[in-house]
Amino acid sequence: HLLLTREFGEDETNVAWWTGRWYGKGMGGWAFTLTMREWLCKVIECSVFAADVFTGHLILFFLSIFTLVPWIDKWHSAMLFWLRPSRQIRPPIYSLKQRKQRRRSAIVYGILFVVMYVIFLAIIVVPQVLKPSVSLPSQLLQYLNGRF
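Every letter in the sequence shown is one number past the one before it in the numbering used here, and letter 15, counting from 1, is 147.
Hints were generated in silico from the structure; no laboratory data involved.
Treat the hints with care, since some could be wrong.
Simulated DEER-style distance windows between Cβ atoms [unchecked claim]:
1) Ser265 <-> Lys232: 22 to 30 Å
2) Arg231 <-> Val201: 19 to 27 Å
3) Lys206 <-> Glu177: 13 to 21 Å
4) Val246 <-> Val201: 14 to 22 Å
5) Gln233 <-> Phe193: 20 to 28 Å
6) Lys263 <-> Phe164: 26 to 34 Å
7) Leu136 <-> Gln230: 50 to 58 Å
8) Leu215 <-> Thr151: 27 to 35 Å
9) Ile176 <-> Arg231: 43 to 51 Å
10) Thr151 <-> His189: 28 to 36 Å
11) Arg219 <-> Leu244: 16 to 24 Å
12) Trp214 <-> Arg138: 25 to 33 Å
13) Phe186 <-> Val246: 13 to 21 Å
Just so it is clear, CB atoms sit at the ideal spot from N, CA and C, and this is done for glycine as well.
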C-alpha cells in the first residue's frame, strides 16, 4: 500500500465506491481523484488476496504430503503433548451412522482435495509446457520488448 495516499475521512470513499454515490460525502473537489485512489486500492487488495490464496494453497499442498506417512498422527501427538504412545488419548467410539457419515465426508473432501491439487498443478505446469508452442504476434512482441 505504499502507493496510496491517506484515506479520506472514515471509509467514505469505500462506501461511495460500492454505492456509486460520490456526491454529498464532503469530498468536494477531491472526489475525482478519490475515485482513482479507490480503484487503485481495490486493485491492490485483489492482488494481495490472490497472493494470499495462492500461498495458502501452496502451504496446504506441501504440508499434506506429511499426512501420507504411516502413524504420523501418533508421532505428532507425542511431539505436541509429550505423551508416550501407550498414554495417548483414545479415539472416540462412533455409532454406525456416525462412522458412515464421517466416511462419506472424508471421501467427498478427499476427492475435492485431489481435484484442487490437480487444478493447482495445472495452473503452474501447463504454461511452462505450452510456452514453446504458443507464439505471440510480432507486433505484440515488439510492444513488449519496448520497440514501437
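*In ascending order, which of the hints set out earlier in this document are inconsistent with the structure?*
1, 3, 6, 8, 11, 12
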